[in-house]
Amino acid sequence: MSRKKNTPPDRRLMVAQVIRRVRISPSFVRLTLGGLEGLEVRGTDHWCRLFFSRQGQDVLELPTRTTELGWYLQYLATPRARRPWVRAYTVRAARPESGEVDIDFVIHGDRDGTMGPAAQFALDAVPGDRVGFLDQGAAFAADHPHDWTLLVGDETALPAIAGICRSLPAASRGIALIEVPTADDRQEIEAPLGMDLVWLPRDQSSEVHDRPGALALRTLMETPMQDGAVHAHLIGESRLATGARRFLVEVQGVPKRNIDFAGYWRSGRAATS
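Per UniProt numbering, residue 1 is the first one in the sequence shown, and the count goes up by one each step.
It should be emphasised that the hints constitute simulated quantities derived from the structure, not laboratory data.
One or more hints might be untrue.
[To be verified] In silico EDC-like cross-links for lysine to aspartate or glutamate, where the CA-CA straight-line distance does not exceed 20 angstroms:
| id | residue 1 | residue 2 |
| --- | --- | --- |
| 1 | K256 | D147 |
| 2 | K256 | D143 |
| 3 | K256 | D227 |
[As the list claims (entries may be wrong)] Using C-beta positions, here's what the derived DEER-type ranges look like:
| id | residue 1 | residue 2 | range |
| --- | --- | --- | --- |
| 4 | R12 | Q57 | 18 to 26 angstroms |
| 5 | D110 | R266 | 14 to 22 angstroms |
| 6 | E250 | R12 | 41 to 49 angstroms |
| 7 | G194 | M115 | 35 to 43 angstroms |
| 8 | P96 | V59 | 23 to 31 angstroms |
| 9 | R23 | A170 | 29 to 37 angstroms |
| 10 | A170 | T78 | 45 to 53 angstroms |
| 11 | D227 | E61 | 36 to 44 angstroms |
| 12 | T78 | A229 | 39 to 47 angstroms |
| 13 | I24 | T219 | 22 to 30 angstroms |
Glycine included, every Cβ here is placed at the ideal spot set by N, Cα and C.
Start from the sequences and build out the full structure, keeping to the hints where you can.
See the structure below:
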């Protein structure tokens, strides 16, 4: 996995409170978090780490160090009984004047044990619930000359793709391939007129795909590339991100420098920390 680092040098681990919860589509729950006054809005795919209490924990015990290595080592040293869950999420929208952010949670699995702790938290959250928030900056790093932008992702990448499209210059052109579980999971995305947004609902596909991301990967392989140098941002299920990068490098001849890719998760394998 490759993620060009743009971690802010000065940051603090803040405690946010749930303000409201909205089920915005069959596969997404949006939580609005407040109490984040002073958070700098970084645009593109501004991401953060969220810390949730485990079941049975009365206190949300957070690391006191905020350097990239320091917080994690302190987190690992915390006994599991007191250690919160931690997950990475993209800020869907930010309102610094009120100290609020929106975070969209993908609801995968069921409550029978296949659903992750973050999805369970999102479904059960009530106003006043507390969450740790650690700013991570932005990962989209188009730091080379290019003529167009290629964005490829599954449902977990939707907030990042939306943020990137919203932040692109008005004259930008390119393609965004966005795979989602159902047609009803499509969202309004602000994007330059030259960006072609292609929604790929799995429930409307004529083929059965063995995992999330497979439809987006196949579509990428069948999509003609635009003229000129590309900057590609490939994010989502691990095999989508790595498979898309391999295709662009080995088949399309795209220089590795022109590609950011990050495998957020792996289908069938739940994170344990």
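Hints, one by one, checked against the model:
no.	hint	in the structure
1	K256 <-> D147	holds, 16 angstroms
2	K256 <-> D143	holds, 13 angstroms
3	K256 <-> D227	holds, 18 angstroms
4	R12 <-> Q57: 18 to 26 angstroms	holds, 22 angstroms
5	D110 <-> R266: 14 to 22 angstroms	holds, 19 angstroms
6	E250 <-> R12: 41 to 49 angstroms	holds, 43 angstroms
7	G194 <-> M115: 35 to 43 angstroms	holds, 39 angstroms
8	P96 <-> V59: 23 to 31 angstroms	holds, 29 angstroms
9	R23 <-> A170: 29 to 37 angstroms	holds, 33 angstroms
10	A170 <-> T78: 45 to 53 angstroms	holds, 46 angstroms
11	D227 <-> E61: 36 to 44 angstroms	violated, 54 angstroms
12	T78 <-> A229: 39 to 47 angstroms	holds, 46 angstroms
13	I24 <-> T219: 22 to 30 angstroms	holds, 24 angstroms
Taken one by one, the earlier hints fail for this structure only at number 11.
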